[in-house]
Amino acid sequence: MTVPKNLDAQIENFISRLKRRQIIGSYEVAKETAQILRQAVSTTRWSQASTLLSVIKDVGRRLVAAQPREQAVGNIVRRVLKIIRETIRETDLSEDVEYAPAAAEEDSNDEFGFDEDDAEVIPAVPKETRDNNGDNDETTRRRQLTESSSVFNLLGDQSAATEVDYTKLIQEEIMSDLEVIYKGISDQALDHIHSNEVIMTIGKSRTVEAFLKKAAHKRKFQVFVAETSPTYQGHGMAASLASAGIDTTVITDSAIYAIMARVNKVILGAHAVLANGGLVAVGGTQMVAAAAKHHATPVLVCTALYKLSPLYPYDEDYFNVCVAPDPVLAFDEGNLIDKVMVTNTYYDYVAPDMVNLFVHNLLINDNYDPEDAVL
Amino acid sequence: MAPPKKKSDIDTEQVLQAVILTDSFNERFMPLTLEKPRCLLPLCNAPLLNYTLEFLAVSGIQEVFIFCTAHADQIRQYLEYVSLLAAPIKTYNSSNCSIINSIFIASPHSLSLGSDSKWHKPHSPFTIHIVTASECNSVGDALRELDAHQLITTDFILVNGDVVSNMRIDKVLEAHRARKKADKNSIMTMVLKEASAFHPSRSNPFLISPPSPNPHHMHTLPCCTHRAKGESSIFVLDASTNECVHYEALYAYPRKRRVTVNQEVFEKHPEVEFRNDLIDTFIDICSVEVRGVISLVDVCAHDAHRLVPRAGPCPVHRKLRLPVDAQGFRAWDPHLRPARQDHLHAHHLGRVRWEGQERTDLRLHQDVLSRWTFPMVPDSNLQEDDTYEHLHGGIYKEQNVVLSRSCVLGDHVQIGTGTRVGENVRISNSVIGRRCVIGAGAVIEGAYLWNDVVVGEECSVIGSILADGVKLEKRVHVPRGCLISFNVVLGPQITLPRYSKISLRRQPKEDIFGDEAEEEEEDEEEEGHDKAALGANGQGYFWVERIDEDDEEDPRNKKVTWLAYDPADIPAHDTDDAESASEVGEPSDDEGEELVFNDDFGDGDGVMPSSAAARAAEDFKREVRATVDRALAENHSVESAALELHTLRMAFNGNYENVREVVVPVLMEKVDPAKVNSSMKGVIARWGQLLKKVMYSLEDQVHALFVLQVRGPVGRDGGFVYLVNWLRLTIHLQRASASVIARNPTRQSCSPARYNSSTTRTSSRRTPFLLGTRPSGLRAWAMRRATKFVDWLQEADEEDDDE
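These protein sequence lines are chains X and G, in that order.
Each residue of the first sequence is one higher than the last, beginning at 1 in the UniProt record's numbering.
Each residue of the second sequence is one higher than the last, beginning at 1 in the UniProt record's numbering.
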């Protein structure tokens with residue numbers, strides 16, 4: 001399956017930037033992935049949905065291979081594939097009233113990696129997807145879309161028309177989601193942060209930053225930021241929080257345990273959330289979580305949905321990235337560096353039992369209006 | 001479509017160009033570079049050029065000129081790899097000074113073709129031009145060549161084809177532009193990296209203020225000698241602007257004691273820093289003007305390897321302060337390095353010192369494998385068909401590697417796809433290419449096996465490079481520092497000498513750069529391959545280190561740059577000869593009592609190789625000798641002479657033993673042989689205190705006596721007159737001296753018991769050697785005299801006791 005040249009160039013460009021670590025941070029990565037996939041969907045000529053699926057899969061594989069540790073890439077690819085598949089199923093449904101309910105279980109597998117090559121099978125075997133719990137807004141949107149695409153299908157499967165749909169769909173479902181995640185998460189801040197609380201965080205997570213700042217509009221609380229050696233992202237975080245008028249204190253990483261006794265809530269960001277609920281988060285997070293567990297301090301993780309990965313951490317280290325040891329031991333240290341082996345892991349794995357609560361951008365808020373939280 | 005968004009904002013106004021010099025203008029890696037250009041030699045299974053291009057890509061370069069002299073075809077082939085190329089790779093050939101070969105093929109590119117190089121694809125961040133020039137011997141030549149083609153239109157970055165760096169050049173570039181705006185003459189920025197106090201190549205920088213007016217035009221300054229393993233350089237920088245006002249390359253041998261700096265430098269710059277702690281990265285940012293300057297003045301290429309400012313007034317360009325006004329750029333410049341952000345200070349790893357300079361080449365592999373070059377690490381899979389994965393313990397494994405159950409992989413091992421590792425193999429700190437076969441029981445340590453290497457059973461490969469297609473039969477032992485070129489077959493059952501270089505091609509008789517005289521002897525003298533040394537099935541020829549008589553370079557420099565070079569392996573006699581030849585002739589001839597800084601001793605390496613230690617001691621003694629001579633000649637006071645000796649000893653980290661070995665004979669030379677008694681009395685009276693200052697314990701006195709015996713002048717009585725007089729006189733000097741005579745062999749047996757006064761606790765541990773070296777008749781005579789003397793002494797002692 002060939003990809004148009006322009007798109008290919010764009011993909012390769014993205015890949016090499018991923019490899020060169022010119023683009024870091026799951027949000028940026030997710031956004032760019034979504035853009036590329038939207039491009040792929042809109043520029044690919046296809047007559048059968050299966051063709052489109054395989055194109056997207058191909059592109060997705062390449063992107064994931066470029067930087068397997070960036071879970072966001074794979075997640076966005078999966079999301080796009082899911083959208084396409086669902087639409088296919090619904091169009092098929094609308095065409096063909098007969099369906100095979102048994103196929104519903106296989107459906108879930110699709111999401112857990114795109115290893116199985118069932119792309120060709122899909123049009124032939126329509127599946128039931130409008131499952132019982134599909135009562136979120138996606139479903140509504142899909143319902144509208146089903147109607148429109150079925151019209152096109154009736155008109156004889158005009159690919160051009162359908163392309164527009166997918167592009168729009170990706171735009172609506174993924175891109176616009178990405179744009180509002182910070183708002184979606186920080187809107188819940190007031191539910192979790194109360195007046196005069198002492199909060200600890202680590203690293204510089206944009207989500208957490210927005211979360212705390214939002215809460216600071218109404219509440220007064222104190223934040224301890226661990227400096228997060230050796231990247232010292234905590235310094236930037238603290239500066240940002242302080243400029244928003246939050247009472248902020250930077251502590252060394254070694255002081256985390258000592259300070260934890262005074263803290264009554266830990267708010268963390270995550271790079272990715274794995275299938276078992278474990279976190280891949282900036283180095284030092286494990287220490288914070290462990291200290292919190294010892295002191296029975298609740299740990300709250302702010303994470304957007306695109307960070308949820310269907311992969312299971314059989315090997316915790318698989319998701320980690322070893323960066324240059326330079327910040328830990330300077331390269332200039334002459335003979336010393338030949339004698340020691342320095343590992344500078346960028347992330348920590350935090351076991352699921354250390355986390356008490358996840359705050360997502362969707363789910364609750366999509367189903368219920370915040371106004372009605374207390375009846 | 002899709003211009004790289006991030007890059008374009010670095011430099012919107014103009015295209016950023018880079019010039020890569022793929023030739024290092026030397027022949028150090030010869031057997032290998034005969035068949036493969038240096039920039040395509042692999043580092044961690046990826047060609048060096050790839051790292052350089054990657055570095056430029058990160059830096060946002062849009063146009064790259066690759067300047068080749070040798071093996072241009074291979075470089076082009078590497079960059080194209082498949083005939084389908086979408087972006088133009090233009091080829092220039094300078095032999096007739098015209099573009100003879102422009103390839104513009106825009107063919108549909110198929111993804112399924114796993115292309116080796118991504119650099120010519122549409123998404124490639126830059127277009128690549130290959131410029132070939134066969135007769136080009138220096139950086140200056142190369143730039144002139146480019147200028148002749150009118151290829152360079154903007155500021156450009158000049159790098160060597162072997163730079164591995166994860167530095168971000170854009171900040172440097174900004175600074176360069178800002179500086180240029182401020183001062184038009186500042187047209188070149190050199191990127192230097194500061195080495196820390198612990199860096200092997202570091203010695204203390206020292207600051208000098210403008211010297212007093214000097215009749216000589218040139219100032220001669222003492223400079224630090226350098227213990228870097230190979231060449232390094234001294235940068236003379238203006239302390240306030242960082243402008244590089246002088247540059248001088250240093251070599252390991254002969255050690256340089258002075259740099260000569262034009263006096264003009266001091267007139268213009270109130271404060272100047274001499275630094276040899278700066279590591280040259282061989283990354284320069286040049287403005288367009290450099291091009292013009294170089295075209296006009298052909299003296300700018302100071303040496304072949306480096307474009308440097310030329311010290312001294314340049315007749316053509318008096319208006320430009322210096323032909324190339326280079327700005328020393330230090331990575332720790334505050335405006336350069338955002339606090340705590342690591343994207344700039346990011347450890348440039350130096351060039352890949354394929355010659356094994358400051359970090360031996362094999363080390364460099366380890367540096368990559370220990371991720372210092374992140375993100376340029378194997379598991380980034382920067383080449384498109386790489387499939388490396390990073391495992392625990394710094395192990396990088398591609399897909400489809402067959403490891404036996406019993407093999408042991410130590411730290412820092414990289415294994416390419418298709419390689420099979422047999423039972424009980426041990427591999428550590430090594431890189432193994434693709435499709436290699438490692439036989440059972442082999443040991444591979446610190447080695448680099450390229451692709452398709454076969455290592456037989458129970459072989460050992462240590463600290464060596466085995467190029468593509470090398471085959472080792474059973475039980476071949478390749479010790480440290482060997483370099484086995486393409487397709488050589490060795491064995492079975494041989495052990496190579498260290499530092500062997502073996503190639504299938506015969507070593508050319510002439511200098512490679514001389515002519516193409518190398519090819520012809522393929523068939524003549526077909527006495528076959530050296531079976532005795534290479535084994536029954538061996539194929540290949542030894543290459544020997546050629547030493548040019550007319551080459552001013554010290555041959556030891558070449559040895560220093562050997563692969564995995566071990567300093568202990570420099571032959572000691574060699575060292576001494578050359579050392580004395582180069583340095584004895586220059587005793588302190590100028591007025592300054594310069595303190596010679598010397599780093600040879602204080603290095604943190606712990607064990608000093610014996611030859612190095614011997615050499616150091618020799619140096620030290622020579623200095624002591626010079627000092628004492630001067631003291632005698634200029635009739636210094638004892639105090640000042642002693643102080644000088646002391647300082648010298650501190651500077652060299654020398655010991656008193658060496659001092660005495662020099663001082664005693666020198667003083668004895670002052671004694672008139674005709675009338676020893678009286679003249680010696682005078683000498684001792686005058687210089688006795690100095691002796692006292694270098695002798696503290698009884699042991700020391702014994703040693704001094706020994707020195708007197710062995711090194712002292714030999715009169716008709718075998719020098720014994722000296723000995724006796726010495727003893728008599730030094731007794732007055734220091735009472736304790738009396739005891740030393742107890743070392744006389746005649747009294748050996750009874751000495752500890754009889755001389756029980758506090759001064760006679762001489763340890764008899766030392767061998768009774770004193771007179772053993774003299775002829776027997778003399779010895780008897782001497783012993784008699786000695787006995788008499790000892791008796792006298794004893795009496796004197798007893799008298800003392802009585803009192």
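Be a bit skeptical, because a hint or two may be false.
Claimed, not checked - The list that follows gives simulated cross-link-like pairs (lysine to any residue, SDA-like), each with its CA atoms no further than 25 Å apart:
#, chain 1, residue 1, chain 2, residue 2
1, X, Lys57, X, Pro4
2, X, Lys339, G, Val408
3, X, Lys339, G, Pro492
4, G, Lys171, X, Asn264
5, X, Lys19, G, Asp238
6, X, Lys218, X, Lys168
7, X, Lys19, G, His392
8, X, Lys339, X, Leu357
9, X, Lys339, G, Asp629
10, G, Lys670, G, Gly682
11, G, Lys181, G, Thr127
12, X, Lys213, X, Lys168
13, G, Lys171, X, Arg38
14, X, Lys57, X, Pro313
15, X, Lys31, G, Asn381
16, X, Lys213, X, Gln22
17, X, Lys293, X, Leu357
18, X, Lys339, G, Lys675
19, X, Lys339, G, Lys670
20, G, Lys171, X, Leu7
21, X, Lys19, G, Val401
22, X, Lys19, G, Gln399
23, X, Lys218, X, Tyr232
24, X, Lys183, X, Arg262
25, G, Lys171, X, Lys214
26, X, Lys339, G, Gln383
27, X, Lys214, X, Thr249
28, X, Lys57, X, Arg38
29, X, Lys168, X, Ala239
30, X, Lys19, G, Lys670
31, X, Lys168, X, Leu329
32, G, Lys181, G, Thr260
33, G, Lys171, X, Pro4
34, X, Lys213, X, Leu305
35, G, Lys171, X, Ile24
36, G, Lys675, G, Asp629
37, X, Lys339, G, Arg498
38, X, Lys5, G, Gln383
39, G, Lys180, G, Gln77
No lab work stands behind these hints, which were simulated from the structure alone.
Keep in mind that this is a model prediction, so the values were computed, not measured.
Hint-by-hint comparison with the structure:
no.: 1; hint: X/Lys57 - X/Pro4; in the structure: holds, 15 Å
no.: 2; hint: X/Lys339 - G/Val408; in the structure: holds, 20 Å
no.: 3; hint: X/Lys339 - G/Pro492; in the structure: violated, 35 Å
no.: 4; hint: G/Lys171 - X/Asn264; in the structure: violated, 43 Å
no.: 5; hint: X/Lys19 - G/Asp238; in the structure: violated, 40 Å
no.: 6; hint: X/Lys218 - X/Lys168; in the structure: violated, 37 Å
no.: 7; hint: X/Lys19 - G/His392; in the structure: holds, 20 Å
no.: 8; hint: X/Lys339 - X/Leu357; in the structure: violated, 43 Å
no.: 9; hint: X/Lys339 - G/Asp629; in the structure: violated, 45 Å
no.: 10; hint: G/Lys670 - G/Gly682; in the structure: holds, 10 Å
no.: 11; hint: G/Lys181 - G/Thr127; in the structure: violated, 28 Å
no.: 12; hint: X/Lys213 - X/Lys168; in the structure: violated, 32 Å
no.: 13; hint: G/Lys171 - X/Arg38; in the structure: violated, 34 Å
no.: 14; hint: X/Lys57 - X/Pro313; in the structure: holds, 23 Å
no.: 15; hint: X/Lys31 - G/Asn381; in the structure: holds, 23 Å
no.: 16; hint: X/Lys213 - X/Gln22; in the structure: violated, 28 Å
no.: 17; hint: X/Lys293 - X/Leu357; in the structure: holds, 13 Å
no.: 18; hint: X/Lys339 - G/Lys675; in the structure: violated, 62 Å
no.: 19; hint: X/Lys339 - G/Lys670; in the structure: violated, 53 Å
no.: 20; hint: G/Lys171 - X/Leu7; in the structure: violated, 31 Å
no.: 21; hint: X/Lys19 - G/Val401; in the structure: holds, 23 Å
no.: 22; hint: X/Lys19 - G/Gln399; in the structure: holds, 19 Å
no.: 23; hint: X/Lys218 - X/Tyr232; in the structure: violated, 29 Å
no.: 24; hint: X/Lys183 - X/Arg262; in the structure: violated, 29 Å
no.: 25; hint: G/Lys171 - X/Lys214; in the structure: violated, 35 Å
no.: 26; hint: X/Lys339 - G/Gln383; in the structure: violated, 30 Å
no.: 27; hint: X/Lys214 - X/Thr249; in the structure: holds, 18 Å
no.: 28; hint: X/Lys57 - X/Arg38; in the structure: holds, 13 Å
no.: 29; hint: X/Lys168 - X/Ala239; in the structure: violated, 39 Å
no.: 30; hint: X/Lys19 - G/Lys670; in the structure: violated, 75 Å
no.: 31; hint: X/Lys168 - X/Leu329; in the structure: violated, 49 Å
no.: 32; hint: G/Lys181 - G/Thr260; in the structure: violated, 31 Å
no.: 33; hint: G/Lys171 - X/Pro4; in the structure: violated, 36 Å
no.: 34; hint: X/Lys213 - X/Leu305; in the structure: holds, 20 Å
no.: 35; hint: G/Lys171 - X/Ile24; in the structure: holds, 19 Å
no.: 36; hint: G/Lys675 - G/Asp629; in the structure: holds, 22 Å
no.: 37; hint: X/Lys339 - G/Arg498; in the structure: holds, 24 Å
no.: 38; hint: X/Lys5 - G/Gln383; in the structure: holds, 20 Å
no.: 39; hint: G/Lys180 - G/Gln77; in the structure: violated, 38 Å
Consistency note: the structure conflicts with the earlier hints numbered 3, 4, 5, 6, 8, 9, 11, 12, 13, 16, 18, 19, 20, 23, 24, 25, 26, 29, 30, 31, 32, 33 and 39.
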